[in-house]
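Given chain U, work out where chain L should sit, using these hints.
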Amino acid sequence: MSMHRRSTVVLAALGVALGFVISMSGLSDWGELHAMFTFASPRLLLAFGGAVVLATAGFFLLARRDQIPAKHIVAGTVPGALLFGAGWAVAGACPGAALVQLGEGKLGAIATIAGILGGAWLHDRLRKRFGWARHSCID
Amino acid sequence: MTSYWPFWATAPALAALTVGYWILLRRPLGVSGVLARFSRVREELEVDRGFEAMEADPAALEAAMAAMTAEAFGMAPEEEPSSMEGPALPTAPSSMFEAATAPGSAPVDSPVFEEPRGRACASTPALGEHAVFLVALVAGGLLAALLRGTFGVTAGMGQGFARLVANGPAGLAALAGGGVLVGFGTALCGGCTAGHGLTGCGRLMPGSLLSTIVFFGAAVGVSFLLAGLA
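So the protein lines, in turn, are chains U and L. Counting in the working numbering, the first sequence runs from 1 upward without gaps. Counting in the working numbering, the second sequence runs from 1001 upward without gaps.
The following block holds chain U by itself, in its conformation from the complex:
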């Protein structure tokens, strides 16, 4: 029980920190994302690319032997990523950023979040109907 309470506190702290960083970086700003996608500004591209490089180093140094679940290429990888990328460019929000936008007072994010929940629900129905494998990161 105390383990659960501890992990809830850690989840809350990391959630606030991640939301804060997403907002301060501009990753929740439609215009900033559009500037990244059209290569009008290199700032977010360098921020994200730099984060990947540093995370790679961090995982290598601190968690090389850990059993973190693998992410293989599956049938849904390319079509799913194409749809996600299109939605990201239109709505200006990846799933985390949509929640951050709500906190920033952008009420349109409610429509985005409703859409994300609807899309996930639709996928779950189709997955069960057609027997697709589940590749979700329930994390």
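Hints listed in this document are in silico derivations from the structure and should not be mistaken for laboratory results. This list has only true hints and no planted wrong ones.
Heads up, incomplete: computed chain U residues facing chain L, CB under 7 Å, no partners named:
1) THR8
2) GLY19
3) MET24
4) GLY31
5) THR38
6) ALA111
7) GLY115
8) ILE116
9) LEU122
If you anchor each label on the Cβ, the simulated ranges turn out as follows:
10) L:GLU1046 / U:VAL53: 38 to 48 Å
11) L:LEU1146 / U:VAL10: 21 to 31 Å
12) L:VAL1041 / U:LEU107: 15 to 25 Å
13) U:LYS128 / L:LEU1229: 35 to 45 Å
All C-beta atoms, glycine included, are put in the ideal place defined by N, C-alpha and C.
For chain L alone, coordinates are given in the frame of chain U:
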């Protein structure tokens, strides 16, 4: 004009959160999978209840893990577990497999793990804990907007969105439609900018590297399309 952080401040912050999330919680950072759980609340609550029942009954947990280890590695168990009359297994294969690799459990009676390895993945947090995480993301955005002095209740997504996508009710419809693409797409490819882009790419996972290249490429293509059509 923009008061946003420069790239050299954002990059280490995101990387530290990505690696720190794993170190502190022994779960890979991801948002889309967490959000997706709330699109099927009833089912996820049943999964949670199944976990609780198994935690309360160690014999059932042990039997379930033996069965799942056998399933995961394509081996028949040496002997059928005799105490299978415990609570029924929840029907969530991915979550259940993660439970099978809970700390201290896998190496005990499995010949597959020959040498002790690093930290194992923890089991999926309860739905309520994940709700706390999502609310915390909202709070983080609020905190940052207040600190920047940019907090303000608005309906749209700014001038660029209004000009290049849509305004008013049509804008809300575009956001909902974009959201559907995000929700369906991330569920199909198994991650988002956090799960694939940061955690997966940071660990050089092929599925994540391909996903990230494709979703970034698609976003570039659609953005140029929006700019060209306007």
